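Kindly generate the complete structure, drawing on both the sequences and the hints.
Number of protein chains: 4
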Amino acid sequence: MIIVLKLHATEQQIEHVIQRVEGMGLRAHLSRGTYRTIIGVIGDEAKTQVAPLEAIPGVAQVVPILPPFKLASIEAQPEPTVVEVAGVKIGGGHLGMIAGPCAVESAERMDAIAAAVKAAGANILRGGAFKPRTSPYAYQGMGEEGLKILRDTGDRYGMPVVTEVMDPRRVELVYRYTDMFQIGARNMQNFNLLTEVGQTRKPVLLKRGMSATVKDLLMSAEYILSEGNANVVLCERGIKSFDNTARNLFDVAAVPLVRTMSHLPIIVDPSHATGRPDLIPACALAGLAAGADGVHIEVHNCPEEALSDGPQALLPEQYADLADQMRRLAELLGKAISQPAGAV
Amino acid sequence: MIIVLKLHATEQQIEHVIQRVEGMGLRAHLSRGTYRTIIGVIGDEAKTQVAPLEAIPGVAQVVPILPPFKLASIEAQPEPTVVEVAGVKIGGGHLGMIAGPCAVESAERMDAIAAAVKAAGANILRGGAFKPRTSPYAYQGMGEEGLKILRDTGDRYGMPVVTEVMDPRRVELVYRYTDMFQIGARNMQNFNLLTEVGQTRKPVLLKRGMSATVKDLLMSAEYILSEGNANVVLCERGIKSFDNTARNLFDVAAVPLVRTMSHLPIIVDPSHATGRPDLIPACALAGLAAGADGVHIEVHNCPEEALSDGPQALLPEQYADLADQMRRLAELLGKAISQPAGAV
Amino acid sequence: MIIVLKLHATEQQIEHVIQRVEGMGLRAHLSRGTYRTIIGVIGDEAKTQVAPLEAIPGVAQVVPILPPFKLASIEAQPEPTVVEVAGVKIGGGHLGMIAGPCAVESAERMDAIAAAVKAAGANILRGGAFKPRTSPYAYQGMGEEGLKILRDTGDRYGMPVVTEVMDPRRVELVYRYTDMFQIGARNMQNFNLLTEVGQTRKPVLLKRGMSATVKDLLMSAEYILSEGNANVVLCERGIKSFDNTARNLFDVAAVPLVRTMSHLPIIVDPSHATGRPDLIPACALAGLAAGADGVHIEVHNCPEEALSDGPQALLPEQYADLADQMRRLAELLGKAISQPAGAV
Amino acid sequence: MIIVLKLHATEQQIEHVIQRVEGMGLRAHLSRGTYRTIIGVIGDEAKTQVAPLEAIPGVAQVVPILPPFKLASIEAQPEPTVVEVAGVKIGGGHLGMIAGPCAVESAERMDAIAAAVKAAGANILRGGAFKPRTSPYAYQGMGEEGLKILRDTGDRYGMPVVTEVMDPRRVELVYRYTDMFQIGARNMQNFNLLTEVGQTRKPVLLKRGMSATVKDLLMSAEYILSEGNANVVLCERGIKSFDNTARNLFDVAAVPLVRTMSHLPIIVDPSHATGRPDLIPACALAGLAAGADGVHIEVHNCPEEALSDGPQALLPEQYADLADQMRRLAELLGKAISQPAGAV
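Chains as they are written, first to last, in my numbering: chain A, 1 to 344; chain B, 1 to 344; chain C, 1 to 344; chain D, 1 to 344.
The set of hints was computed from the structure by calculation and includes no laboratory data. The model shown is predicted, which means the values in this text are computed figures rather than measured ones. One should not assume that every hint holds.
All copies of an identical chain are treated as equivalent in the list; a pair is satisfied when it fits inside any one copy or across any two copies.
Unchecked claim - Computed cross-link-like contacts, DSBU-like style, restricted to lysine-lysine with a CA-CA straight-line distance of at most 35 Å: (1) K202 / K118; (2) K335 / K70; (3) K118 / K70; (4) K148 / K335; (5) K6 / K118; (6) K335 / K6; (7) K70 / K6.
Rendered as structure tokens:
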């Protein structure tokens, strides 16, 4: 940590800052420049997390050197984490191919979609039972009934399942049905929810918030890791931008950026990132080419009847085409698409 | 609602769209242009909220005409809502002057700060007991002990109190101590939490999310209103921007923009919007001049010892100066700063 | 300047960095922390502007301490600059009240608008003769004929005039007619144009680019100042944001932020910042309350016939109302609205 | 075009709007809904470009149906444009692999870099002679001397060359030396410059502005096309975002988005988009996978001595590695990398 002092900081102020730093059990290293004086802080930077050094009179700026996340950092673990979702590996050369409808709507529809995405090569089935909707008047999901349908469908097709949990009061319920929790973008900084799923040992798909930096995303992962759950898969799903032609802005560079900062796997979700079926295939391939550990795609067999986010879903045949292209690209990149142990 | 068809939409597609619209009990009004065909949809637009019209083959774009929020809209209620927080009015010419520390840290500190902001003219006391912190290693608040201190301090100084609730499981607990719930920016789209506070009748200070549009903010207010709680005060507290010199970007135009769309009061929070004491006073005055119904300011008597967000707090004497300027501006604007009924 | 080395920087790399720094005539100050080694660079930071220190192997990050602009900085000149536009002062307590149509359209229309804004209290007349339009098919301005009309109208009403110059080849032509150059937002980083107006001694109204940080704006001002022209007035006119309800996002905090960094005056332009007449008055007052040195407003007597940007113009009577409110606010703030020497 | 009227628009206002529309030679098609009245405008929408319909009393919103660009639109030309740069094809399955240093610094350095990128498989050589720099104190380029070196180097290696032109006064000079003009991001809306290069018939590499939407980019292309120069290649090079970890945000979805709107080729520039060598290869591959018609990469043989943008350049050996991966990906995608006619 480096403390930059103000232009006309007094000797008394400088002395006060040094005392505060040393009072935390750290060493201060004074360096007087032509225009500015700076103080290097030597020792365990974590000690200074709660100390508002910037509020000390005479301080202009505090520059942290270490990332504020520890367990999620590449410094803590240089080799990539491989997360196992009921036998399906994500990370370290293994691709998680997640597909399914936005919301579970009925057993029949779920069955038809699962059959299609399984045939196309997906290895994890998705479907929402609790839906975070911007409007209180929009469809809110089937609840536990939806969880049962998802579980049952996944079992019949030999696919692990992932579904969103929005409320800390329902973590226990969702736990009983799912193989992987999804934390949605709107809940990336719902810290109570992160703590709850952190206390389980079930894999968590943590989606990046719409205005979260990659560092913010890793801080949220740190919440889960610090509770003891190391099975976190990050997901880039688009951020806010001034260009509203597509729903969000797909930040493909987040994939290699995470690689420089963390050992956690990261997948991409072009369905939410763009919200447009005509952009999804290109972005899915771009994500894989950038090194993503998997792709999350929404698929629906009748988008115009979908109760949630129909316009952004691919048709089963569009998904099959895309899955073909993704498979060939994965081969070129030397990546594997693993299947669950008991899968036929 | 207007449905714009694709350039080469077939007659069959057009017919299918019309059938879908009429199937919802609405009337379709076809209009063939030189290049494009459009269909005006006549009837109650609310019926179409769940119907993914954009997913119908041949449809290029769906343009809604009515805002998706109803109860919060200016159409629903043209006269401004006045929210009463234990006797203090906010809205319709009454200013809510909310001040206090970021977090409740001790009874002594809370007492000293309350004495100072009360003397300066604040009419509502704030203080956090549960803190949403980006880092799991940062100070998380005193919990119920903090709520007790806040309640007790408010009572002694005759000030209503406001404090944040982050977890739907704690709404009942916080309810017992506070006069007003605060929903923080990170929870603006925590829909389960909005539903819980919506089921009480206590005032809610709803902060705008960092990447929420004004429309999104009003949709979240609609969640609370639709549960029957009409006592919602909106709060502009800065949004994300490419210019990171200040912590966030203070969107002062949100104040007059809300006026054109909603009857709900809106206050500004320049402390979180800028995160810099050297910018807070100017932004507080700008907010009032733009027509805000109040100002939320963080005040701390020793920012360098603050356990949370010290660097952005004003000192009591800085707040007193600013409160003076705000009072003179309020007079020029013809606004009143009401005091609770029993206040001395 | 502080150079932060990578986690596993070798002794050889450290040595190489030190040699490079000393080779520039600067002193290097090594400081070894628990995790990282940093090098403080002492001496004239300007020498290092062209040296790509970040590209040296082993370097993780370079943190500049001094702002990259010199002449525009508050360090270079602590007292505020007052720019005189043909007798009208802007800065240091004097407000520039600029008003007029987006484009000069005819002598009659210009006359009617000038009469109205003069009567309302504006002290500088604006009008565009060369218009930067997003579409090649949109109205591009009257050219020299428009400059003549503007000059003539200003003279008849005793008002200095300001008009945009877009092309370095026309600086000479525009110079002959105007009292102040306007550099539009799209040309804020048209460095050849900045250099040309910098070589004159005529005041320049420099508008902030839509994606420029405040620092970028000051760097562009530095281009003009470094050519010898010290008469620069900055203008906040809205930046890009994810919320497209208004045309741009009015960054009112830029006003106090500039005060902490520069001695140059800064005015606000709520017409372009919002593009909506229903938001302009609130934002104009917000800008003044935040400390702006003036307000730039577009006024048109028949917006629906305007050849450019009609929908964002105020009507003359709306401007008169707003000017009244601005005058009363200016009095409260102790600011003066100066008139040109020869004005009646 | 659809005109949506205000909630309480009077009959007189509606009548006035219809008269205005019909006065432009268009037909108005009235449709009264439950809450709102809308007017469909039928006829040539281009006629209405200059008419500020939104400013007419009673009008709430104007919704254009056709894109405001014509010549650049996919409607105008469904098949992809192939631009030829002195024999090298870009578009329609042909990849432009542009590489070279940020700035031309000396004949020796240019020669070494050209040899390396040619050997690696690049087919167009880049190098800046006029540099747009944020700081007036930064290196501004070699000028005509740089153009000569670039031309000469390109000729010796049988590579067409591309270089930036910033000033309309220098279009003629640059024309004499280059095979392709580059319009930089900061000049994307320098309309006088666009007009000048539009009057030549030389290919233009048009870079997207940092806060330009894809529609804005196409509007700027339209400026060039409307002057008669059809040889425009678009370039995505990163836009502004709230996450400043990388220099800009690489908007890879712009590639498929342009495909839905325009016939013009689009390449990607991950060097400027990220500014970080550790992110460039992943983003280059992502761009190709998304369907880009080429990749623009900055290469320097000694980044720490580069006079401009050294930290973002790849080393020749890094470029060779990347070029290998790009070639294999191009094969998978069925794309060709063409060589100039006379090339060995």
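Hints, verified against the model:
1. In this assembly of identical chains, K202 and K118 lie within 35 Å of each other by CA distance solely inside one copy; the values are 23 Å within and 50 Å between copies.
2. In the homo-oligomer, the alpha carbons of K335 and K70 lie at most 35 Å apart inside one protomer (28 Å), although the nearest pairing across protomers, at 43 Å, exceeds that limit.
3. Taking the shortest Cα distances, K118 and K70 never come within 35 Å of each other, neither inside one copy (38 Å) nor across copies (42 Å).
4. In this homomeric assembly, K148 and K335 come within 35 Å of each other (Cα to Cα) only inside a single copy, at 33 Å, whereas the closest approach across copies is 47 Å.
5. Taking identical chains as interchangeable, the C-alpha atoms of K6 and K118 lie at most 35 Å apart only when they sit on different chains, with a minimum of 33 Å there against 62 Å within one chain.
6. Taking the closest pair of Cα atoms, K335 and K6 come within 35 Å of each other only across two copies (30 Å); inside a single copy the shortest separation is 52 Å, beyond that limit.
7. In this assembly of identical chains, K70 and K6 lie within 35 Å of each other by CA distance both inside one copy and across copies; the values are 30 Å within and 17 Å between.
The structure is inconsistent with hint 3 alone, although it conforms to all the rest.
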